[in-house]
Each structure stands twice: as C-alpha cells, then as structure tokens.
Amino acid sequence: MIDKTSIIYPNVIMGKNVEVQPYVILGMPTANDNDKLIIGDNSIIRSHTVIYAGCEIGNNFNCGHGVRIRENVKIGNNSQIGTNSQLEGYITIGNNAKIHTNVHIGQKSEIGNNVFIAPGVVLTNVLHPLCPEAKKCLKGATIKDGVKIGANSTVNPGIIINENVLVGSGSVVAHDIEKNNVVIGNPAKVVKSIYDLKCPFGIIERPYFEYMEND
Amino acid sequence: MIDKTSIIYPNVIMGKNVEVQPYVILGMPTANDNDKLIIGDNSIIRSHTVIYAGCEIGNNFNCGHGVRIRENVKIGNNSQIGTNSQLEGYITIGNNAKIHTNVHIGQKSEIGNNVFIAPGVVLTNVLHPLCPEAKKCLKGATIKDGVKIGANSTVNPGIIINENVLVGSGSVVAHDIEKNNVVIGNPAKVVKSIYDLKCPFGIIERPYFEYMEND
Amino acid sequence: MIDKTSIIYPNVIMGKNVEVQPYVILGMPTANDNDKLIIGDNSIIRSHTVIYAGCEIGNNFNCGHGVRIRENVKIGNNSQIGTNSQLEGYITIGNNAKIHTNVHIGQKSEIGNNVFIAPGVVLTNVLHPLCPEAKKCLKGATIKDGVKIGANSTVNPGIIINENVLVGSGSVVAHDIEKNNVVIGNPAKVVKSIYDLKCPFGIIERPYFEYMEND
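Residue numbers (this note's numbering), protein chains in the order written: chain A, 2 to 216; chain B, 2 to 216; chain C, 2 to 216.
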C-alpha cells in the first residue's frame, strides 16, 4: 500500500490501512526537529502530494494528487483535500470537510465541520500585502460548520462566515456573514435565506432543510 | 521517448511516437478492472501528469505538466490540456480544444470542438453542495463548438454556452447563453455580438469573422 | 542538497548552496540546444518543480512545490514563486517579487520589483482567443514596481498597472491604472488613493506610507 517511490521520513506515524501512491513525500522536515506527522487509519494519499511534519490528520483522510500541506495543520476525520490544493500551514479543519481542487487556504485559517469549499477558492490572510507590519495582523478566515463556498470565490482576511451560509460562485466575501444566508457578488451581499432555496429539479423540497432542526 | 521514471500500467494502449516525461503515471487503475487507457499517435505527456484508466484520447494530444485526468474522459484529436489542470472524470472533449492552466472541469461536462478555456476557469456541477440529494442532479456545463471562456471565469452547473460565445475574464455564467454573443460580469450578461468585435491593433478586421460563413 | 531523485540536465549552471528537493526537473531542454538554466546562490527549489532551459534566476530564489517555469524567464534576486504556479515563458520579473500559489503568468508579461501577486491571479495575453491572427498581438500585462494584486484577480492582455497600485481581491483589470491607486471590481475602478488607506488594527498609521517618500 506504500509505493516504493514515495519518500516517508522517520517522523511519520502512520495509521492502519493507509495507501500512499507514487512520488509522495510525507513528513517533510520543518524548523522543529520534534515535529511529527500523524495520519489516521484508512487514509489515501494520492500521487505527487507533499505533507510536512507537524501535521495531525484524522481517519479516512481522502487526499488528491499534488496536494501540498505545510506544517501545523490539523484535520479531523472523514475529510478530503482536492487535487493541487494547498494548505499553507497553521490551519485547523474539522470533520467531514470537502475541500476541492486548486484551492488555497492561507495560514491561520479555521474551517469547521461539514464544510464544502469549491474549486479555485482562495482564503486570504493579509489585508495590505507588503505593508511593513503585515506579519503582525496575519489572520485567515473563519469558516463555521456547514458553510458552502462556491467556485473561484475569495474570502478576505479575518472574515467570519457563520453556520450554513452558501456563498455563490465567483464571490468576494469582504464582510462577516450571518448564519443561514445565501450571499453572492463582489462584495458578497445577502440575497436570501438558505431556507428559501428550492430544488429546481423537484428531487427534494429544500436542499438545506436538515439544518432547520437545529435552529 | 518513455522516461524510465514514468509508471505505465499494463492497461495502456499507446499510439505511435508518444513522448512520456518523468514522474508520469498512465493507466491508474479504477474500480473497473477492464478499463483501458488509449492514447493517440504523436502525443506528448509532460512530467508529473496522472491519467486514469477508462480514458480514450485522440492523436496529437498535447498535455501539460502535473495534469490530472480521472476515469471515463474522452478527448478528440489535436487537443491540449494545460499544466496543473484537472478533468474530474465522465467528460467529453472534442477536437482542437485548448484547455489552459489551472482549470477544473467537473464531472459530467461536455466540451465541443475548437473550444478555448483560459487559465483558472472552473466548470462546476453541483447547484447546492452538501444537499443530501446532490448526487442525483450532478450535471456539468455544456460548452458548444467555438466557445471561448476568459480567465478565472466560473460556469454554473448544467449551463449551456452555445456556439462561438466569448465569455469575458472573471465572469460567472449563471444562465444559458445564445450563440455568437459576448458576455461579461457576474452574472454574465450579453453586451454585444461577436461580429461587432473589432481588432484594436488593426491586424484583422474582425477577430471572429470566419464563423459568419456558417450562420 | 541536491536530492538524488531530481533530474538535472547538463545545461544547468547552479549557484552556491542551492537546495534541490525530490522529483524536480531542472534545465528541461528547449528547441534551442544552446539554452542554459542559471540559478543563483542560496536558492531553494522545492519538490516536483520543473524549470526549463533558457531561464536566468537570481540569488536567494525561493521556489514552491510543483512550480512550472517555461523557457526564457528572467527573475531577479530575492524573489519567490509559490506552489503550483506557472510562468509561461518570455517573462521578466524583478527583485523581491512575491508571486503566490496557483498563479498563471502568461507569455510576454513584465513584472517589476517589490511586486506582490496573490493566490489564483491570472495575467492573460490574448484579447480575442482563437482569432486566426492571435499570435500577432500576443502581449501580457506590465506590472510596475510596488504593485499588489489581490487573490483571484485577472489582468487583461497588454494592461499596464502603474507603481504601488493595490488591486482588490477578485478584480478584473481591463484598463490601465495610474500609480498609487486602489482599484476594485469588474472592471476594476479607482476607489481611493493608497495614501488614504489606514490600518484597521491600529498597528501602523498608513500601510503604504513609505512610498510617499519617493513621489
């Protein structure tokens, strides 16, 4: 299950039944010699992926091809990171998160449970790039449980997107968003509640009905 | 022409005069043991690319670095897929298609002949991500012959973009587009006909004049 | 410092103290057999990166994972190119440039000193893709010193963004921008001067104060 062309550093603590495909690098050393990389049971790490030491990843991790995960990233159980996406380090991601292709998550971002992030999304973390004091205010976005972010959207630094929000494709989220709203545009504005959404195909009455139980 | 570090599974049926660069994986196995990967004559597969079994690719295929093509993709002759782009599976692409860098094409998308897709474009396939019935309505975009989609644009699920349409950079295509139009914005709206476009450099009278023959 | 799985062609002129990580390809041959690849001192080339012959890169080059740099690219000193980004060839980049993740820079682009380009940005170079004369007008953007371009923004072909401009996230830059302005939107419009920007965290009075010395 561990391809012979993969490079596994001694700091890796591998769960049971993990598949590691060719040309993968696991446990890439960091400045801290004590950093370990922990990967949970029943995980799959697809080819050409690099994961640094100092990360802790839960069970059933589903990792695409060419993924790059820098140091100090924590990922819960049953989560997936799509092909060619990068987690820049110092990030927490909950359980059952689906992060898709070509996504960039900046340092110091927090992502909850049951979150969906579509292809091409960027979570930024610097308001004024190249400001001489930029490192002092570095802060990524906070994406709460059940949030869904549409393709090619951008979330500005330090923004909080609250529970169950749906962000339409190509949006720029420049202000915090209250829970259970649908937002679109640049800057993203509330257009309706997620409970107002209907299925145009007649398959289900409301796509996000199940969240109503908890409100 | 086949680099010795590339991994070629026995299911690959390789055309004549194919170049396979280092760290490529061809014929990545799928759930179906009978799946083959067919690659046409005179093709080039650049380094770090992965193509799954179950794909059928025509002649003169020009494939970038770090491309990921999942199972059940059909690509015609003389087409190219740019560096770090992903075709997610169950996709058809015609002849002479130019798909550029960092593009994501979702499952169940259909792309015609002579199509141009610029860097950073995403074709999505789920209207309401995380809806419990999302798999039942999964449908990508239909991109007809001669369509050109500008950089960082997003096309919503199930959208049809008809022949020869030009989509401006950074657009979100949320409605079907009639043929021969230029659209821009979020949501993308018609701003003119492609026949109204003139060359600002004085090199050619009209950039898309040749399509008029067929209308 | 040179990993044994990396592929280094004989045309590479390597500076002192260069780290080359696994699965890298340096000096990828071009149509011109005389092309060399020059890499400056104290550089780091992270895993899975490909750099073609015909490039000249300065000292202290900081190169991410899975970067692709085509032929005839010149990069100054102390610059960095982020993970999975592509420089398409025939590009010049100055000193102290920070080009981030998943960026695409089209052929014939010019980038100055102290430039910041955020994740997902695309610099395009063809106004009318698939025009039969498209190769005759191919021209990328010109990004002057001190410019900062926000995440997922797109810059149209031949556009000039002058000194110190800040482009907000998700913008489409369709017209030249005068120096020292902040622009946002599609198409990007001037909303204020960079000297009007204040630090919302109270860490510094003005983030771009230092540029005022030179005006």
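Hints listed in this document are in silico derivations from the structure and should not be mistaken for laboratory results.
Just so it is clear, CB atoms sit at the ideal spot from N, CA and C, and this is done for glycine as well.
Errors might be hidden in some of the hints.
[Claimed, not checked] Beta-carbon label-pair distances, calculated as ranges:
no.: 1; chain 1: C; residue 1: E134; chain 2: A; residue 2: K37; range: 51 to 59 Å
no.: 2; chain 1: B; residue 1: T93; chain 2: A; residue 2: D4; range: 30 to 38 Å
no.: 3; chain 1: C; residue 1: F210; chain 2: A; residue 2: H176; range: 38 to 46 Å
no.: 4; chain 1: A; residue 1: G203; chain 2: B; residue 2: D34; range: 31 to 39 Å
no.: 5; chain 1: B; residue 1: I45; chain 2: A; residue 2: K5; range: 49 to 57 Å
no.: 6; chain 1: B; residue 1: V192; chain 2: C; residue 2: P133; range: 21 to 29 Å
no.: 7; chain 1: B; residue 1: I204; chain 2: A; residue 2: Y10; range: 49 to 57 Å
no.: 8; chain 1: B; residue 1: S194; chain 2: A; residue 2: K5; range: 38 to 46 Å
no.: 9; chain 1: B; residue 1: I161; chain 2: C; residue 2: P133; range: 25 to 33 Å
[Stated by the list, open to error] Far from chain B by the CB rule (all over 10 Å, computed), these chain A residues:
no.: 10; residue: D34
no.: 11; residue: N96
no.: 12; residue: T102
no.: 13; residue: H176
Results for each hint:
1. E134(C) <-> K37(A): 51 to 59 Å: 58 Å, holds
2. T93(B) <-> D4(A): 30 to 38 Å: With Cβ atoms ~31 Å apart, the hint holds.
3. F210(C) <-> H176(A): 38 to 46 Å: 26 Å, violated
4. G203(A) <-> D34(B): 31 to 39 Å: Since G203(A) and D34(B) have Cβ atoms about 37 Å apart, the given range 31 to 39 Å holds.
5. I45(B) <-> K5(A): 49 to 57 Å: 27 Å, violated
6. V192(B) <-> P133(C): 21 to 29 Å: 23 Å, holds
7. I204(B) <-> Y10(A): 49 to 57 Å: 55 Å, holds
8. S194(B) <-> K5(A): 38 to 46 Å: 58 Å, violated
9. I161(B) <-> P133(C): 25 to 33 Å: Holds - the Cβ-Cβ distance for I161(B) and P133(C), about 26 Å, lies within 25 to 33 Å.
10. D34: 29 Å, holds
11. N96: The claim holds: N96(A) sits with its nearest Cβ about 13 Å from chain B, beyond 10 Å.
12. T102: With a cut-off of 10 Å, T102(A) comes too close to chain B, as the shortest Cβ separation is near 5 Å.
13. H176: Holds: least Cβ distance 17 Å, greater than 10 Å.
Checked against the numbered hints given earlier, this structure breaks hints 3, 5, 8 and 12; the rest are met.
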